[in-house]
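Number of protein chains: 2
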Amino acid sequence: MKLSTRRIPIVVPGYRFAGVRCGLKESGKRDVAVIASDVPATAAAAFTTNRVKAAPVRVGIEHAAAGRLQAIVVNSGNANAYTGPRGLKLAREMCAIVGRELKIDPQQVLPSSTGRIAVQLPLARIRRGVRDACRTISRDGFHDALDAIMTTDAFPKFAVEPLVIDGCDVTVAGMAKGAGMIAPQMVVAPSGKLERHATLLAYILTDAAASPATLKRVLNVAMTQSFNTIVVDGDTSTNDTVVLLANGVAGNSKLTPRSADFAAFCAAVCRVMTALSRLVVKDGEGATKLIDIHVRGARNVADAERVADTIARSPLCKAAFYGGDPYAGRLVCAIGYSGARFAPERLDIYLEDLAIVKRGVEVVGRAERRAGKIMERDEITLTVDLHAGRAVAHRVCSDLTVDYVRFNSDYRT
Amino acid sequence: MKLSTRRIPIVVPGYRFAGVRCGLKESGKRDVAVIASDVPATAAAAFTTNRVKAAPVRVGIEHAAAGRLQAIVVNSGNANAYTGPRGLKLAREMCAIVGRELKIDPQQVLPSSTGRIAVQLPLARIRRGVRDACRTISRDGFHDALDAIMTTDAFPKFAVEPLVIDGCDVTVAGMAKGAGMIAPQMVVAPSGKLERHATLLAYILTDAAASPATLKRVLNVAMTQSFNTIVVDGDTSTNDTVVLLANGVAGNSKLTPRSADFAAFCAAVCRVMTALSRLVVKDGEGATKLIDIHVRGARNVADAERVADTIARSPLCKAAFYGGDPYAGRLVCAIGYSGARFAPERLDIYLEDLAIVKRGVEVVGRAERRAGKIMERDEITLTVDLHAGRAVAHRVCSDLTVDYVRFNSDYRT
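The listed protein sequences correspond, in order, to chains A and B.
Under my numbering, think of the first position of the first sequence as 1, with each following residue one higher.
Under my numbering, think of the first position of the second sequence as 1, with each following residue one higher.
It is possible that part of the hints are untrue.
Stretch by stretch, here's where chain A covers chain B in the computed footprint (C-beta under 8 Å, at least three residues) [claimed, not checked]:
(1) 63 to 71
(2) 111 to 118
(3) 161 to 173
(4) 236 to 242
(5) 255 to 264
(6) 399 to 406
Using 25 Å as the maximum straight-line C-alpha spacing, the simulated SDA-like pairs for lysine to any residue come out as follows [said to hold, decoys possible]:
(7) B/Lys89 - A/Arg359
(8) B/Lys103 - B/Gly84
(9) A/Lys25 - B/Val364
Simulated from the structure, these hints should not be mistaken for laboratory data.
Where a beta carbon is used, it is the ideal one built from N, C-alpha and C, also for glycine.
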């Protein structure tokens, strides 16, 4: 989908941003970003569960472990993944340069990279890029930084939510990149439970004050409702990273799960991350449609997720969405091989509010014509009711298109 | 791939075949097949594990349970899947018509259907078609029957192996159909262990004499080496069925696992099924390449299969095969998220005999140019060595192409 996301000026109190060019991208576009807080911020982060973790992910896990970060340094055009000890050394050096230039603890800098896997970064360029970024950092550099983290993205992804906590004005703002290699499998570091997430980099920044444990809880909830629901192609990247920073300059008394405003803060972070995650699906490589898949009536959550994931990953279902064909057969087949337990003769499937399968029987005739109309929309809600219990799940996926294949067979992403 | 499989005349002693038209296909091509043995045959069969089992699969499981079958009746153009009690009744009626026309026990007739899901078969047409097939059945109708079981197949798939058992001439011949909805998950009925298989119908016929337990063992081995290794798109059908019949008219003393010729018989069945399974991948919807994925050095077989399956299903890897891009990054990424345990720095990957990743480092330069040449071939062998143990796995997949998506978004298969 071609979306023109209107750029609005975004300022997050206490944060500065930069995005510069150092020649990592053939296009000559911005490729190094730095985001820095004026003071050390409370931090929570989530990383890919891919066994091949990119060098910056390995360093990021270390640096985020203490729950305090002051800066993020990102390069695009090269993933610094599968680059051995040399890549690891360079990821640490990127943090060291930021530390030296901005006079902060390099252990409180989190590195990220995105782009081609298994290629060494050109040393001189990346060093110059990181230094230049630090020297041009400014309050209004949000969009420069966002430009610099993009790779195959067709449009920039950002979201912002204002709220009042404890009588203080607070901003929650986020930026994300990601379009392909999207099949979230992330864990909130250092020891959190498995979360699903996208081949994306996402940085959520707020000037609220919150404890590390609070931020971690918020990130877990927000990922479950946002990035944990999305699938573009089903490939889980080596570099997925989501960071939530809270620098406290808003002046509220430190948020904890018992604070009166905890729920409001959590909801604002969820809204920002949900907005970003849907933009990633809309910008899915070659995507023409976004499909919300709601499963209900499952025996348990695992079964509900099996059904939703199977549809979200089925090449045949995704190609049918692309073609706009409201053919229930492929959906029924995918639900059938998902591994979930249900009685086929009790299954209901809805496109928006229209039943296309009712008690196990496909509804044809007038319904099919209306279903065809619904399938032409660029956002479609599909609801599957298994009538086997009370558990639910939600996934958001894109369609599988000719352009997805063309793009990924032509171009090394 | 466009293959012109030269049709050779195939006769299997003691079997007759028919393929007729009854108007189930818009193209007007043959759509009903009957295969019948002159005498009741020993039988083993494997069926889809999809929870939504087509009506003929449900009837087939019942009829194959006793290990004796005399005929197979197939229609194409309609899967008779997700068609409720009416579909089930019709599947039984197809068997009854064959029983009446050919004077055999309807419980010894196995029905199969393939085509669109969730549409009722037109009663009058299918009744007439089955009757006509029975009345035109002949010794040399093999290719007519094969034509009648095809749907989106671009070419007919058959294989034949002669062998001598116990001094008697024996024939093993097989026919198969299948191009899309291919991601095998089958179980050998009635109680066998899980086998992987394809959205295909395959019928393997021999005039050898063998006990039901022997046939079941042979089918299990052969599926592990053939259909259990293939993936086209990753969607597991509602209708997958493989049947192995042995009518004993060759006159050999009944084969058991202790027979001198057991291994030779088993090998012949494996060769026929392997040949058929590779033809299914070559005819994969839109496919331009067949990739043999060999994984070795895994901690255990489950890990080896995880790695092979993940590559065989990865949209990004499959699109790279289509594009002919010998880019190791996507392979490394897929191996990384497969769930298998291994040390990334010990990984080797080969294209044919050419190392593209050696001890965790991508080999570039001259190797990349030769790799590019290899990627232009229409059959490619990829070997992954995890160096984590001794277990191995083998999968055979097709590439993901623009034509796959175009075909499956244009056409209801």
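Just pull the numbers of the violated hints for me, sorted ascending. 1, 3, 5, 8
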